[in-house]
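> Put the complex together from the two separate chains, hints included.
From first to last, the protein sequence lines are chains Z and P.
Going by my numbering, the first sequence opens with residue 4, and the numbers climb by one from there.
Going by my numbering, the second sequence opens with residue 11, and the numbers climb by one from there.
If you are wondering where the hints come from, they were derived from the structure by calculation, not from laboratory data.
You can trust all of the hints, since none of them are fake.
What the simulated footprint calls covered on chain P by chain Z, stretch by stretch (three residues with Cβ under 8 Å from a Cβ of chain Z suffice, anywhere in the stretch; the number is not a length):
#, region
1, 57-67
2, 116-129
3, 158-169
4, 208-219
5, 333-346
6, 361-375
7, 385-392
In silico PhoX-like pairs for lysine-lysine, Cα to Cα no more than 25 Å straight-line:
#, chain 1, residue 1, chain 2, residue 2
8, Z, Lys123, P, Lys176
9, Z, Lys123, P, Lys394
10, P, Lys187, P, Lys452
What follows is a set of in silico ranges between Cβ atoms, one per label pair, in the way DEER data are often shown:
#, chain 1, residue 1, chain 2, residue 2, range
11, Z, Ile134, P, Ser123, 36 to 42 Å
12, Z, Arg54, P, Gln543, 55 to 61 Å
13, Z, Thr154, P, Thr464, 40 to 46 Å
14, P, Met471, Z, Ala84, 24 to 30 Å
15, Z, Asp151, P, Gln273, 49 to 55 Å
16, P, Lys242, Z, Asp132, 46 to 52 Å
17, Z, Lys123, P, Met471, 25 to 31 Å
18, P, Leu79, Z, Pro160, 48 to 54 Å
These figures come from a predicted structure and were not determined experimentally.
We treat Cβ as the ideally placed atom computed from N, Cα and C, and that holds for glycine.
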Amino acid sequence: MTADPIALGDDPLAALDPDARATFSALAGHLIPEAHGMPSAADVIGDARLRFVLTTRRDLLEPLLAALRPGLGEDAASRLATLERDDPEAHAALISTIVFAYYTDREVRERLGYPGQEAKQLYSWKVPDFIEEGLTDQVIARGPIWRDPATGRRAEPR
Amino acid sequence: MAAEPVDVLIVGAGASGGVVALRLAEAGFKVTCLEQGDWHDRAEYRGPELDWELTMRKQWSTSPNVRGLPQDYPLDETDAEISPLMYSAVGGSMLIFAGAWPRMLPSDFRVRSLDGIADDWPLTFEELRPYYERTDRQFGVSGMGGDPAYPPGGEDPPLPPLPLGKGGLKVARAHTKLGWHWWPEFNSILSAPYDGRRACVQRGTCQQGCNEGAKASTDLTHWPKAIGLGAKLITGARVRKIETNDSGLATGATWIDREGNEQFTQAKVVVLAANAIGSTRLLLLSADDRHPDGLANSSGLVGKRLMMHPFANVGGLFDEDLESWQGQFGCSIESFEFYETDESRGFVRGAKWGLAPTFGPINAALPSRAGTQIWGPDHHLHVKAHLGRGANWGLFGEDLPDEANQVTLSKTLTDSDGIPAPEVHYKVSDNSRRLLDFHIEKASQSLLEAGAYTVEVDRLMRYSGWHLLGTARMGDDPATSVLDRWNRTHDVPNLYVVDGSCFVTSAGVNPTSSIVALALRAADHMVETRFEQQVPV
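Bound conformation, chain P alone (with noise of 0.2 Å):
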């Protein structure tokens, strides 16, 4: 006799894949996850043992090529200038990013309308708020309210902000004098403890794991909930394709277990929550007689539009000692100066400026980013310089939407079960080059302003694709979008995406905020419509 059909088959335990988890749990659907990769113990991150910076270049890298590993699946990005970076696990990505947590500004869904570029969401910030704010309690934020980057009301977050740091307390001190907009960064890490975990310890290990659980993601969060209110997460389960129906409903998806068995989970409504390259991937791979380019994909944008951030760095170094090894990896502050457009500069949309720690001796010593490196005597001079007397500004700017950048299927690289992989195409705009040098050049006045005495730049770093955006944007007009302004796709009424495939664009900000907000209304309106929701016999 075959299973019982689930409610709801969700693909990826990542940041987006346990909000819905948790939502539809509470509200009482019978809900299965397929995860490729497994649970992870914090006791395995390296953060405070001594193989900390070398292992963070190999096991715990966040490049999924770089790291190699079984569950990861490779990306063929010969056509790509930025690596994408993602990490398979329960908790997905969220195990290796940094945790900074701001939100879209308003005029981030109106681009088209404001600047005449570009597309409009089919949502605004105001529609979006109370699930920032629910999310926000949900993972734990540490920051300040009457940050007036943003539109005034609405709750702040639920725990205050987490430490400046000495470097970040001189660069606020900067933008007082200079008359610019600063503000305690919103982090998705706890200053204090709350819901059973425990508070942020300043070691600034975030992006190899957080070793004290302060740092948010969905394995702390939401899946111990979600499994006690009777979700089932399979782990060790790459997903090949999503079935579908002669009614063009998908019917759950075929799988391959960890001995390479394939299987079959059927399912009444499937949403896929494996970030904007892999649930492309799987619409891709799912293409047949029926669908030929691909599921879902009658505007024939599945896999276009892929933005990515380009990001540089700008560090400035400092005589004093700042400990800038410690601290949030996250962000201590953040700017918004510049973030809006003013096409005297040269270009249109703007980027959020976060000020980041910068690691230890080893880091400090090999050759940097920007390719410099310094042997022999001098040698030493150059690390005591670098070494925790850094401020470092992350510059994350707006990425306009280009149908040529885009994910496809490879046709020689495959996964270690032989699923095609992906291909990444993509080129930095001339918009987004002009973008960087412009902020580039500000941010060092911040700097210098702020007390340092030079400051380096890695103009755009490689392995930098923390954010993937776009490859299925949701919209109102089936022709010219992949999904309906809740996360169903067009084509077929009862399949949803989920994580950052839906962005319309991409605003200037760290996406996850945002990514699992919009998350939880896609969830809340599946509750909310779930007697009219359109299911296979």
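Chain Z extracted, bound-state conformation (with noise of 0.2 Å):
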């Protein structure tokens, strides 16, 4: 049985009972599993990743819970075509805290290169490389392409 959310104070985690838990990584494992130099999602989701998903998005909360509810069977193929058929939200849900837990973990990220959205310097007085390549030269050179009310056609090179 799960705590009462209403009841949960500042830790969502507190929502989920062993058992709901172990569903949890399951279902996270079978989504996305080790393969292909990426580790599987049931062994990045620790309690810190999923706190931070969590906390965050407050609103995952309860349909997570009923993603994770007993009498779906064990397996977890199955549960989730059980919950995207019968519980569209739910199933929504539980996809959504995977993803976003998996995806915020540091090494997940390093391991697919991405350093998170990053300021970069522009150099705006550099000429650049399409003007250099001369390809706005060619658009001009091909003519105006709007229509000119006046005749109805495309305008005449002024």
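This is the structure in structure tokens:
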């Protein structure tokens, strides 16, 4: 039995009992297993990652608990299929929680070569490559493409 | 003793409201603005943070129905094929817009004359061009003059173009081979420091608020100046009715403050700048015995002809790393190659294409907007193929006006103050569907020529109603239009609507630059005709 979300206090993980937590891990590992040099979501998503997601997105907690409820069987594939068919909100919350937690993990991001949304300085005084290559010159050389309302036809070069 | 009426009361502190407020304050008008949202501190935006891709789907969603904030009003969109998007705050929806800043083209103002459908505007591109140039300077626009998609002449934008990025350069080269038009996109995003604001840092998070203040929004570009000149901006103020007197003039607005108390602000002139759904809602909410169908609605057109630009996304995947999560969002390049009508294509009008970044790993991992989801061992290959290796053409198709596409008031849904919410009725036309099909095929060809090994298509995105237009169209005939050519309602001589409601046709481009140019033109006219303006005694 899961705790009453209304009485959680600040820690959303208090809502997940051990059974729910184990079900979550099994589903995470099923959806994102270890392969192609990337770790399994079951291994990556510890309490810290899950807490981060559910603290940031409190709205996911209730439908996530619904996705992890007892009575949907032990088989991960079967549970996912049932949820997708009968309870799409819970299914979406489960998928989102797993993806959010996995891809905010530092090691996962490093393995993907993704540094986050970085600030990069612009050098707007430099002549851009497309000018150096003459790409816009070629666009201009092809002439105007706007339609002149006075004639209804493509405008003539002026 | 009753308070002295303000000269001009503006409802809404977004794009058009900010432009009008500054122009009028500069001219010495006593201006007050009522805004239901609040100021945002740039530090609140999540772009540099780990939770960026989590919060963009809830707290910073572009849909008020997803956010569900108290300052938002909900939308009944049960009967709408596209969800309207907006944001309530000082700066308005500019806080979450992309920043793309193309102008309308000359033919956009003459759709009836040229293509025999819809209507002509009561003004021309050449009449609006000086206002485009002034608002470009006000907002700080980056771009490059000389685009042969537009008539020659006029001022170049004040700042050089933003980078094309690796993907943009590939596609530009491809268009050179194809002989197709492309050009660096105009963006209201700074490529260099300007007017006390910092330059873009290419973080790619423009639609969740710009931490640098490089992307223009009127909370940065207009309101501080307007307030410095004496304009008063009241936040947390939700207007529920525009009041009128026996002479048929607007007398001010009744609104609800943060504590739930009803207030009234008396005004000589009222200006609605609350977007094409919010302003329409207010006109309909202002129905009374004298105006049973809503204020300024003798034509019966208030709320009708809603246009939202059906949108498709065509994404190419490339073998090499393009770091496509970075860059202005905004667009890097545009194409108007297939913008003008060619009836042999089986539809009229066209679409502008804009090339945009592709978000981070969570966007790559979650089911795509087209419904594709890959789980199990191959999930990792799917993410690696999508993360940073994409180039996306966003296609905005011209949306033709249809009176059945409209905003009405809900009989059941209300906002947090109990005021009826808007009900949106919107169907995508057959012309739009054929138009998008054609443009998807051509945009796919563009990306394949650029070296993409495959192309993925999101044919008609539901959450794409960024552009809210047309619900109080302008025109010279009061029987067939709500506003005159200066954005003044035909029925109420001291009531103006200066947002996208005024659009006669939608064009096929992002509309904000046109909305603010039209708003500045309307404000100039208010200043020029101030001594002829009818006001309540």
